[in-house]
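K.L.:
Here are the chains, one letter per residue:
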Amino acid sequence: MRWHSLFFTFAVVVCVASFITQPALAEIDLSGSWTAKNHEDAMERGAGPNPDDWAGLPFNDAGRAKALSFSQSTISMPERICWFQTQWHIAAGPFSLKIWNEADPLTGKTIAWVLGGWETRAPMTIWMDGRPHPSENAPHDQTGFTTGTWNGDVLTAYTTHIKTGYIRRNGAASSDQASITTTFLRHGDMLTLTLVMEDPTYLTEPYILTRSYLSTPAPVATAGPPCIPGDEGVESGKVPHYLPGKNPFIDEMAKLYNIPREASLGGAETMYPEFRDKIKDKFVIPARCKRNCGAPGGN
Amino acid sequence: MQRDFGMCRFSARVIVAAALVTIILQTPQILRAAEDLDVVRVRPNLYMIAGAGGNIAVQIGSDGVVLVDAGKEGASDQVIAALKKLTPLPVRYIVNTGADADHVGGNAKLAAAGQTIFTNVLGNPDMAKAMTNGGAASILAHVSILQRMSASTGKTAAFPQESWPTEAFYQKRKSIRMNEEGIEILYQPNAHSAADSFVMFRGSDVVVAGDILDKTRFPVIDLANGGSIQGEIDALNKLIELTIAPIPFIYKGAGTYVIPGHGRLCEQMEVVDYRDMVVTVRDVVADMIERGMTLDQIKAASPAKPYETQYGKLPGVTSAFIESIYKSLKK
Numbered sequence: 001m002r003w004h005s006l007f008f009t010f011a012v013v014v015c016v017a018s019f020i021t022q023p024a025l026a027e028i029d030l031s032g033s034w035t036a037k038n039h040e041d042a043m044e045r046g047a048g049p050n051p052d053d054w055a056g057l058p059f060n061d062a063g064r065a066k067a068l069s070f071s072q073s074t075i076s077m078p079e080r081i082c083w084f085q086t087q088w089h090i091a092a093g094p095f096s097l098k099i100w101n102e103a104d105p106l107t108g109k110t111i112a113w114v115l116g117g118w119e120t121r122a123p124m125t126i127w128m129d130g131r132p133h134p135s136e137n138a139p140h141d142q143t144g145f146t147t148g149t150w151n152g153d154v155l156t157a158y159t160t161h162i163k164t165g166y167i168r169r170n171g172a173a174s175s176d177q178a179s180i181t182t183t184f185l186r187h188g189d190m191l192t193l194t195l196v197m198e199d200p201t202y203l204t205e206p207y208i209l210t211r212s213y214l215s216t217p218a219p220v221a222t223a224g225p226p227c228i229p230g231d232e233g234v235e236s237g238k239v240p241h242y243l244p245g246k247n248p249f250i251d252e253m254a255k256l257y258n259i260p261r262e263a264s265l266g267g268a269e270t271m272y273p274e275f276r277d278k279i280k281d282k283f284v285i286p287a288r289c290k291r292n293c294g295a296p297g298g299n
Numbered sequence: 001m002q003r004d005f006g007m008c009r010f011s012a013r014v015i016v017a018a019a020l021v022t023i024i025l026q027t028p029q030i031l032r033a034a035e036d037l038d039v040v041r042v043r044p045n046l047y048m049i050a051g052a053g054g055n056i057a058v059q060i061g062s063d064g065v066v067l068v069d070a071g072k073e074g075a076s077d078q079v080i081a082a083l084k085k086l087t088p089l090p091v092r093y094i095v096n097t098g099a100d101a102d103h104v105g106g107n108a109k110l111a112a113a114g115q116t117i118f119t120n121v122l123g124n125p126d127m128a129k130a131m132t133n134g135g136a137a138s139i140l141a142h143v144s145i146l147q148r149m150s151a152s153t154g155k156t157a158a159f160p161q162e163s164w165p166t167e168a169f170y171q172k173r174k175s176i177r178m179n180e181e182g183i184e185i186l187y188q189p190n191a192h193s194a195a196d197s198f199v200m201f202r203g204s205d206v207v208v209a210g211d212i213l214d215k216t217r218f219p220v221i222d223l224a225n226g227g228s229i230q231g232e233i234d235a236l237n238k239l240i241e242l243t244i245a246p247i248p249f250i251y252k253g254a255g256t257y258v259i260p261g262h263g264r265l266c267e268q269m270e271v272v273d274y275r276d277m278v279v280t281v282r283d284v285v286a287d288m289i290e291r292g293m294t295l296d297q298i299k300a301a302s303p304a305k306p307y308e309t310q311y312g313k314l315p316g317v318t319s320a321f322i323e324s325i326y327k328s329l330k331k
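As given, the protein sequences belong to chains A and B, one line each in that order. This note's numbering puts the first residue of the first sequence at 1, with every later residue one more than the last. This note's numbering puts the first residue of the second sequence at 1, with every later residue one more than the last.
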């Protein structure tokens, strides 16, 4: 093999590799106030989901067992009253967004996009300057560590180093090993976020939620109030939980909608349309709701 | 055929060139992997070294270096090299949180690489040598650690004498002040074993937890050496008490940092998560014992199921944890 020929090929490969790693120059402005459209998954984002409604969550056995052991009194533990949410709360919470960019004072280039925090979610900084994620031994926090890249006019953000949190506010947990990939897609005055959670601890497949926002001239608050824990009746050192087989709410959702228990307990197959065929013979259409629809005890 | 050979030569060139590019791009990672240690800055004057066995805390100041734990014996040269990158100052104290080899194995070499806090004012080198650990750094630990590492005359000690604590204390609380901050060593009886201590840096707001908190696995309850499930839970509750969460302004910075025996840097919430895990599994096993289940039946019923994917990845650790709870509760 001739060395000059090898050198030429080497140079070509370097150039191609360099070209591939350059960002596409089609960035768009995301800054402004964005009001959340909450009709989608309204009950879950508002009052909260039914207890033990884990349909559509790709649980593994550990994720399901963890959820079944969960008692709502957990959030009244003195250490957990101020247990704020991870960035997954963007997808599962009801709040609006304020977005702005941080620019390098010398070059004017955007070095980060920032999503302002709100009542129970910390601000999210999306670093655009190519910095690496911290080591696996670095601390985790509610914010996590997020880097972003533009793919055409779509911003893709990747978040790691988050603390434990929830996937659904009824005991479906996310671990500190979870990562969240968020894409920001703007169509004029509408902004769509797609969040993909991957969690090797509790999920067998990625879990995906989308959120839509409308641009608004009304300013969105950028930070929530401080949190001061009070006494909510759980003694310090006590750990509320249900023993295996003792969760009193396990059939509440199944009875409300006349669906089999296996559907409410989640698992990857419950995410897909084919699952409806599997349970169609076990499903009885409930009587038409007349009042308090959607709430336990409604009729 | 000529054309085919030409394509082969071209493909070979591309493969070789791509390999060269890959090697060049990967070189920093390769160098980092060779060092094998991860030095995490915890506070401006306090670091955590991971990858040398158990985690090592490093406090640096005008008095020199205070280490909490020394890692395993085989990693001492790497630890010394990492310390030299952080500061030219000598190690003055090594404080031990426990007596396991991955925490005290490096005691002898790291102490020898350090320097005693005493000066030879008497002018008698032999006396100074005898009084000052041969001029090496002091090794400070609860007496229970000394007892585990040493042996009475005529018996074989678990560790060579050079690695034994040179300053052993009997109290539940021992304190020193180095580098402008108070350092408390708080003995935790019958937890991971009968020889555990927390080390708290009061100014830096950092607690070193030793193997009472192991982020990589279920806790080891060393029943043979005095450990117990209730002692482990009591110690974790104490650790939660020692830490402060970042409230009321939850977004602003971190609370008290906790350096675990193994795994990543933590705060109070990780200790709460871990305590909750230990209590939950303990309660499930206790319920099964009350229902008359045998150890084998309990193991088969997977009482730690919610936590196995996180803390039970290493072979045998889930079984060992359940067994230690069972035996601890049956005592």
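Keep in mind that a hint or two might mislead.
Under the rule of at most 27 Å between Cα atoms (straight-line distance), these lysine-lysine pairs were calculated in the BS3-like manner [what the hints assert, rightly or not]:
no., chain 1, residue 1, chain 2, residue 2
1, B, Lys252, A, Lys98
2, B, Lys129, B, Lys238
3, B, Lys327, B, Lys299
4, A, Lys238, B, Lys330
5, A, Lys246, B, Lys327
6, A, Lys238, B, Lys327
7, B, Lys305, A, Lys246
Ranges between beta-carbon positions, derived for each pair [said to hold, decoys possible]:
no., chain 1, residue 1, chain 2, residue 2, range
8, A, Glu27, B, Asn237, 47 to 53 Å
9, A, Lys246, B, Asp77, 29 to 35 Å
10, A, Pro217, B, Gly182, 53 to 59 Å
11, B, Thr119, A, Lys238, 50 to 56 Å
It should be emphasised that the hints constitute simulated quantities derived from the structure, not laboratory data. A virtual CB, placed ideally from N, CA and C, is assigned to each residue, including glycine.
K.L.:
Is Lys238 of chain A within 27 Å of Lys327 of chain B, Cα to Cα?
P.N.:
Judged against 27 Å, a Cα distance of about 23 Å means the pair holds.
K.L.:
Okay, Pro217 of chain A versus Gly182 of chain B on CB: inside 53 to 59 Å?
P.N.:
54 Å, holds
K.L.:
Straight-line Cα separation of Lys129 of chain B and Lys238 of chain B no greater than 27 Å?
P.N.:
39 Å, violated
K.L.:
Next pair to validate is Lys305 of chain B with Lys246 of chain A; report whether the Cα-Cα distance is within 27 Å.
P.N.:
Holds, because 15 Å separates the two Cα atoms, which is no more than 27 Å.
K.L.:
Lying within 50 to 56 Å: is that true of the beta-carbon distance Thr119 of chain B to Lys238 of chain A?
P.N.:
At 53 Å between Cβs, range holds.
K.L.:
Is 47 to 53 Å right for how far apart the beta carbons of Glu27 of chain A and Asn237 of chain B are?
P.N.:
Because 50 Å falls inside the window, the suggested range holds.
K.L.:
Hinted pair, alpha-carbon criterion (27 Å max): Lys327 of chain B, Lys299 of chain B. Please report holds or violated.
P.N.:
13 Å, holds
K.L.:
Could you see if the CB distance from Lys246 of chain A to Asp77 of chain B stays within 29 to 35 Å?
P.N.:
54 Å, violated
K.L.:
Does the alpha-carbon distance linking Lys246 of chain A and Lys327 of chain B stay inside the 27 Å limit?
P.N.:
25 Å, holds
K.L.:
Are Lys238 of chain A and Lys330 of chain B close enough, with their CA atoms no more than 27 Å apart?
P.N.:
Distance ~22 Å between Lys238 of chain A and Lys330 of chain B Cα, so the pair holds.
K.L.:
Given the hinted pair Lys252 of chain B and Lys98 of chain A, is their alpha-carbon gap at most 27 Å?
P.N.:
18 Å, holds
When held up to the earlier numbered hints, the structure conflicts with 2, 9 and fits the remainder.
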